[in-house]
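Student: Sequence:
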Amino acid sequence: MARKHRANLREPHTRMRLSLSITAMVDVVFMLLVYFLLTSGAAANERVLRAEMPDSKGVSSNSDPFALETDPLIIELTDRDGAVYITLSAGLAPVNNAAQLERRLADVLLTRDTPRGLFAADHPIRIAAASDVAWEDVVGAFNAIIAAGYRSVAFGNTQP
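When we follow the numbering used here, the leftmost residue of the sequence shown carries the number 1, and every step to the right adds one.
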(Lines of atoms letter the chains of each structure in order from A and count residues from 1; the text may use other names and numbers.)
(Lines give C-alpha, C1' and ligand atoms only; values in the text may rest on other atoms or scores of the structure.)
Protein backbone atom coordinates (compact mmCIF):
# COMPACT_ATOMS: atom_id res chain seq x y z
CA MET A 1 0.00 0.00 0.00
CA ALA A 2 2.76 2.35 0.81
CA ARG A 3 4.44 1.50 -2.47
CA LYS A 4 1.30 2.39 -4.36
CA HIS A 5 0.98 5.68 -2.55
CA ARG A 6 4.59 6.59 -3.41
CA ALA A 7 3.98 5.72 -7.01
CA ASN A 8 0.95 7.97 -7.10
CA LEU A 9 3.01 10.87 -5.78
CA ARG A 10 5.53 10.44 -8.59
CA GLU A 11 2.96 10.60 -11.33
CA PRO A 12 2.37 14.15 -12.52
CA HIS A 13 -1.36 13.93 -13.07
CA THR A 14 -2.21 12.71 -9.57
CA ARG A 15 0.36 14.72 -7.68
CA MET A 16 -0.79 17.93 -6.01
CA ARG A 17 1.26 20.89 -6.90
CA LEU A 18 2.91 22.56 -3.97
CA SER A 19 3.97 26.10 -4.71
CA LEU A 20 4.93 29.14 -2.76
CA SER A 21 3.37 32.46 -3.50
CA ILE A 22 6.52 34.33 -4.48
CA THR A 23 4.56 37.38 -5.57
CA ALA A 24 3.33 38.13 -2.06
CA MET A 25 6.81 37.72 -0.59
CA VAL A 26 8.34 40.01 -3.21
CA ASP A 27 5.66 42.62 -2.47
CA VAL A 28 6.37 42.50 1.26
CA VAL A 29 10.13 42.75 0.76
CA PHE A 30 9.66 45.64 -1.67
CA MET A 31 7.40 47.50 0.78
CA LEU A 32 9.94 47.00 3.60
CA LEU A 33 12.71 48.29 1.35
CA VAL A 34 10.71 51.41 0.48
CA TYR A 35 9.82 51.98 4.14
CA PHE A 36 13.43 51.79 5.32
CA LEU A 37 14.67 53.99 2.49
CA LEU A 38 12.13 56.68 3.34
CA THR A 39 12.63 56.62 7.10
CA SER A 40 16.43 56.51 7.01
CA GLY A 41 16.52 59.76 5.02
CA ALA A 42 14.33 61.54 7.58
CA ALA A 43 16.66 60.72 10.47
CA ALA A 44 19.45 62.82 8.95
CA ASN A 45 17.31 65.99 9.08
CA GLU A 46 16.33 65.68 12.71
CA ARG A 47 17.60 68.39 15.05
CA VAL A 48 17.60 68.84 18.80
CA LEU A 49 15.06 71.41 19.93
CA ARG A 50 15.39 73.15 23.26
CA ALA A 51 12.17 72.97 25.23
CA GLU A 52 11.59 74.56 28.58
CA MET A 53 8.69 73.02 30.41
CA PRO A 54 7.01 75.13 33.08
CA ASP A 55 7.10 74.00 36.68
CA SER A 56 3.83 72.36 37.63
CA LYS A 57 3.69 74.16 40.96
CA GLY A 58 4.79 77.56 39.66
CA VAL A 59 2.31 77.91 36.80
CA SER A 60 -0.03 80.84 36.96
CA SER A 61 -2.97 81.13 34.62
CA ASN A 62 -2.63 84.88 34.09
CA SER A 63 1.03 84.95 33.04
CA ASP A 64 1.65 86.29 29.55
CA PRO A 65 3.61 83.80 27.42
CA PHE A 66 4.44 86.58 24.94
CA ALA A 67 5.87 89.02 27.49
CA LEU A 68 9.19 90.50 26.43
CA GLU A 69 12.21 90.74 28.66
CA THR A 70 12.60 94.20 30.11
CA ASP A 71 15.78 96.19 29.64
CA PRO A 72 17.60 96.73 32.91
CA LEU A 73 17.87 100.13 34.50
CA ILE A 74 21.56 100.94 34.17
CA ILE A 75 23.20 103.03 36.86
CA GLU A 76 26.63 104.28 35.77
CA LEU A 77 29.15 105.46 38.33
CA THR A 78 32.02 107.62 37.10
CA ASP A 79 34.75 109.45 38.96
CA ARG A 80 35.15 113.14 38.11
CA ASP A 81 37.97 114.85 39.95
CA GLY A 82 37.61 112.69 43.04
CA ALA A 83 33.80 112.98 43.22
CA VAL A 84 31.47 110.19 42.14
CA TYR A 85 28.93 111.07 39.46
CA ILE A 86 25.87 108.82 39.11
CA THR A 87 23.85 108.71 35.87
CA LEU A 88 20.69 106.67 35.36
CA SER A 89 19.22 105.30 32.16
CA ALA A 90 15.51 105.45 31.23
CA GLY A 91 15.53 109.24 31.15
CA LEU A 92 16.05 109.76 34.87
CA ALA A 93 18.07 112.78 35.97
CA PRO A 94 21.59 112.20 37.31
CA VAL A 95 22.31 112.33 41.04
CA ASN A 96 25.37 113.27 43.08
CA ASN A 97 25.44 110.73 45.92
CA ALA A 98 23.91 107.51 47.24
CA ALA A 99 21.28 109.31 49.35
CA GLN A 100 19.92 111.12 46.29
CA LEU A 101 20.01 107.84 44.36
CA GLU A 102 17.92 106.15 47.04
CA ARG A 103 15.33 108.97 46.97
CA ARG A 104 15.16 109.03 43.16
CA LEU A 105 14.70 105.25 42.91
CA ALA A 106 12.14 105.21 45.73
CA ASP A 107 10.13 107.86 43.85
CA VAL A 108 9.91 105.71 40.70
CA LEU A 109 9.21 102.41 42.51
CA LEU A 110 5.87 100.88 41.51
CA THR A 111 3.95 99.84 44.63
CA ARG A 112 0.36 99.67 45.77
CA ASP A 113 0.68 103.12 47.29
CA THR A 114 2.37 104.59 44.21
CA PRO A 115 0.65 103.11 41.13
CA ARG A 116 2.31 105.72 38.90
CA GLY A 117 5.78 104.32 39.56
CA LEU A 118 7.96 103.36 36.62
CA PHE A 119 9.67 100.20 37.84
CA ALA A 120 8.50 97.19 39.83
CA ALA A 121 10.55 95.94 42.76
CA ASP A 122 11.82 92.98 40.69
CA HIS A 123 12.85 95.14 37.71
CA PRO A 124 16.49 94.34 36.83
CA ILE A 125 19.03 97.00 37.75
CA ARG A 126 22.65 96.89 36.61
CA ILE A 127 25.38 98.89 38.33
CA ALA A 128 28.08 99.82 35.82
CA ALA A 129 31.01 101.36 37.66
CA ALA A 130 34.07 102.76 35.95
CA SER A 131 37.40 101.26 36.91
CA ASP A 132 38.52 104.39 38.76
CA VAL A 133 35.46 104.57 41.06
CA ALA A 134 36.14 103.72 44.70
CA TRP A 135 34.68 100.44 45.92
CA GLU A 136 32.96 102.24 48.80
CA ASP A 137 30.95 104.31 46.30
CA VAL A 138 29.86 101.18 44.42
CA VAL A 139 28.76 99.49 47.65
CA GLY A 140 26.98 102.70 48.68
CA ALA A 141 25.04 102.71 45.39
CA PHE A 142 24.15 99.04 45.87
CA ASN A 143 22.91 99.71 49.42
CA ALA A 144 20.87 102.69 48.17
CA ILE A 145 19.18 100.52 45.53
CA ILE A 146 18.32 97.83 48.08
CA ALA A 147 17.10 100.46 50.57
CA ALA A 148 14.83 101.94 47.86
CA GLY A 149 13.07 98.55 47.64
CA TYR A 150 14.54 96.86 44.56
CA ARG A 151 15.49 93.18 44.63
CA SER A 152 17.15 92.38 41.29
CA VAL A 153 20.55 94.11 41.29
CA ALA A 154 23.59 93.05 39.28
CA PHE A 155 27.05 94.40 38.60
CA GLY A 156 28.39 94.76 35.09
CA ASN A 157 29.14 97.01 32.18
CA THR A 158 26.64 98.88 30.03
CA GLN A 159 26.65 96.32 27.20
CA PRO A 160 24.38 93.27 27.68
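Mixed in with the good hints, there may be bad ones.
Unchecked claim - Label-pair ranges, simulated between beta-carbon atoms: (1) Ala-154 / Ser-40: 47 to 53 Å; (2) Leu-38 / Asp-71: 46 to 52 Å; (3) Ser-89 / Phe-36: 57 to 63 Å; (4) Asp-81 / Pro-115: 37 to 43 Å; (5) Pro-115 / Gly-82: 25 to 31 Å; (6) Leu-38 / Leu-110: 53 to 59 Å; (7) Ala-90 / Ser-40: 51 to 57 Å; (8) Ser-152 / Asp-79: 24 to 30 Å; (9) Ala-120 / Asp-81: 33 to 39 Å.
Quick caveat, the hints were computed from the structure, so don't treat them as lab data. The beta-carbon is built from N, C-alpha and C at its ideal position, and this holds for glycine as well.
Student: For each hint, tell me whether it holds in the structure or not.
Tutor: Right, here's what the structure says about each hint:
no.	hint	verdict
1	Ala-154 / Ser-40: 47 to 53 Å	49 Å, holds
2	Leu-38 / Asp-71: 46 to 52 Å	48 Å, holds
3	Ser-89 / Phe-36: 57 to 63 Å	60 Å, holds
4	Asp-81 / Pro-115: 37 to 43 Å	41 Å, holds
5	Pro-115 / Gly-82: 25 to 31 Å	41 Å, violated
6	Leu-38 / Leu-110: 53 to 59 Å	57 Å, holds
7	Ala-90 / Ser-40: 51 to 57 Å	56 Å, holds
8	Ser-152 / Asp-79: 24 to 30 Å	26 Å, holds
9	Ala-120 / Asp-81: 33 to 39 Å	36 Å, holds
When held up to the earlier numbered hints, the structure conflicts with hint 5 and nothing else.
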